[in-house]
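Respectively, the protein sequence lines represent chains R and V. Sequence positions in the first sequence follow this note's numbering and run 207 to 489. Sequence positions in the second sequence follow this note's numbering and run 207 to 489.
Since no wrong hints were added, every one of them can be taken at face value.
In silico DSSO-like cross-links for lysine-lysine, where the CA-CA straight-line distance does not exceed 30 Å:
1. V:Lys245 with R:Lys231
2. V:Lys273 with R:Lys245
3. V:Lys484 with R:Lys245
4. V:Lys267 with R:Lys245
5. R:Lys313 with R:Lys392
6. R:Lys267 with V:Lys267
7. V:Lys313 with R:Lys230
If you are wondering where the hints come from, they were derived from the structure by calculation, not from laboratory data.
2 protein chains.
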Amino acid sequence: MYDAIVIGGGPAGATAAIYLQRFKKNVLLIMKDSGALGKTAHIDNYYGFVETITGPELLEKGINQAKRLGVEVIKDEVLGIDNFPDFNVKTINGEYQSKTVLLATGKNQVNLRVKGFNDFIGKGISYCAICDGFIYRNKKIGLVGNKEFMLEELEVLKNFSEDITIFTNGMDLSVELHDEKIVTEKITEIKGDEKINQVVTENSEFDVDVLFIAIGSPSASDFALRMGAFLDKNNIVVDESFMTNIPGLFAAGDCIGGLLQIVKATSDGAHAAIAMNKYLKNN
Amino acid sequence: MYDAIVIGGGPAGATAAIYLQRFKKNVLLIMKDSGALGKTAHIDNYYGFVETITGPELLEKGINQAKRLGVEVIKDEVLGIDNFPDFNVKTINGEYQSKTVLLATGKNQVNLRVKGFNDFIGKGISYCAICDGFIYRNKKIGLVGNKEFMLEELEVLKNFSEDITIFTNGMDLSVELHDEKIVTEKITEIKGDEKINQVVTENSEFDVDVLFIAIGSPSASDFALRMGAFLDKNNIVVDESFMTNIPGLFAAGDCIGGLLQIVKATSDGAHAAIAMNKYLKNN
Chain R
207 MYDAIVIGGG PAGATAAIYL QRFKKNVLLI MKDSGALGKT AHIDNYYGFV ETITGPELLE
267 KGINQAKRLG VEVIKDEVLG IDNFPDFNVK TINGEYQSKT VLLATGKNQV NLRVKGFNDF
327 IGKGISYCAI CDGFIYRNKK IGLVGNKEFM LEELEVLKNF SEDITIFTNG MDLSVELHDE
387 KIVTEKITEI KGDEKINQVV TENSEFDVDV LFIAIGSPSA SDFALRMGAF LDKNNIVVDE
447 SFMTNIPGLF AAGDCIGGLL QIVKATSDGA HAAIAMNKYL KNN
Chain V
207 MYDAIVIGGG PAGATAAIYL QRFKKNVLLI MKDSGALGKT AHIDNYYGFV ETITGPELLE
267 KGINQAKRLG VEVIKDEVLG IDNFPDFNVK TINGEYQSKT VLLATGKNQV NLRVKGFNDF
327 IGKGISYCAI CDGFIYRNKK IGLVGNKEFM LEELEVLKNF SEDITIFTNG MDLSVELHDE
387 KIVTEKITEI KGDEKINQVV TENSEFDVDV LFIAIGSPSA SDFALRMGAF LDKNNIVVDE
447 SFMTNIPGLF AAGDCIGGLL QIVKATSDGA HAAIAMNKYL KNN
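Isolated chain R (complex conformation) (with noise of 0.2 Å):
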């Protein structure tokens, strides 16, 4: 049983685990890939470094920062996490208990862009599976991804119809699929009146009554929203002390929204480090 998982390995999580470790904690941070830093070429408003430094070397920098003060930081990617009410973070290769989570995975929900897709959003468009699956019992399912989270997806589905399209929008399928129907061809539009009722492939239509989208891996509002945290336009909300409602699930970095800056994103990590020590403390 760890105090806290960190769930992410940017700005944020690197800085919130830094800060728990010095505080004693037993702590693990588990990064997946790199996320919107790793993507950034020119760092030079970062303080502190006279020349530029690029994104992923800001990374490796703090990941191993982290290790050297004796944090445990593990590659693997969550799928899931619930509380019950210690939080069970659920990975791709694992299972890991603790008494605090933070999320902390950056701002990388991914949409489909394609014409008409912003239309539906909310009109049987849909990024949960847990919350809306009950409601399409027994009709057509549509549902967007190729990997382990859409897998995830898929089994919470199969509780509520058997009727289920995947479509892999052009991608290949990574996880193993027996007996699915499964589209590979590029989605190029998403159809409908006052609710989606088509998507159309490159060469296809298909007629359905909702489209779930679970596309590469789950961000931290996925596992926000599926935990019951509230949401503000896919910012995770938390209170002074970097909280959501749920008691000991806390959030830092671009995922609670506001400016998207490695400084705010720093400032986030070590504020809710220290919240959180205070909540371990209490509780």
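We have chain R; now place chain V onto it with these hints.
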């Protein structure tokens, strides 16, 4: 006329100056010495530095970074700031005009560490001659200090009383005075009843009605106080855009309170710079 003058060369000030420079603003950073960070021997928890770094090293990096990006940096000591309506920043060596000012000089208000001192703060111990001098016209005034800041306060106090005694509190007097009563002994105690009435030194006692404190250099809260900005327990009060109640006067870092950490100061600095850029556009 500068777009912005940043007072203070620590993490908050340097970050703000860097951001303002990137917004193509004409910015001047005035720094005196190294503040709290300059006294910090070991920094392990500032994101991005794998190995331990010292405060002076980080400060130097930050300033060199600002200079590389084109920020004009001067080493000087700010003595006072006026605004009608543009800001005039008076230093030991010059005067500078600007449309906006950012106070980022840290938390360095110097107090006397002698018996009785804390008992008489607000009861005859004052930090602001412009604010309180009039109350003590023709009274016995004591003034503690040994440098330019003390001289500034002295010039103000001379308008109100001829009975002024200067206490250097054992420090060398680094400015020239004429016909002033000067006590160079160390202060050992502050005495009084409801209000202060006596300053006790190593070998003597002096009756006073008020004791003004102008030790070392003026702090951000000293400037703020003199300009009529709101303070709360010596912290400068700012709104969500880091602006004080005085239009165009911003503050960031330790001087506005909160977490006294580098990550919080840099975050403050970036947020303040963005707000100042917006303010400059709208005014």
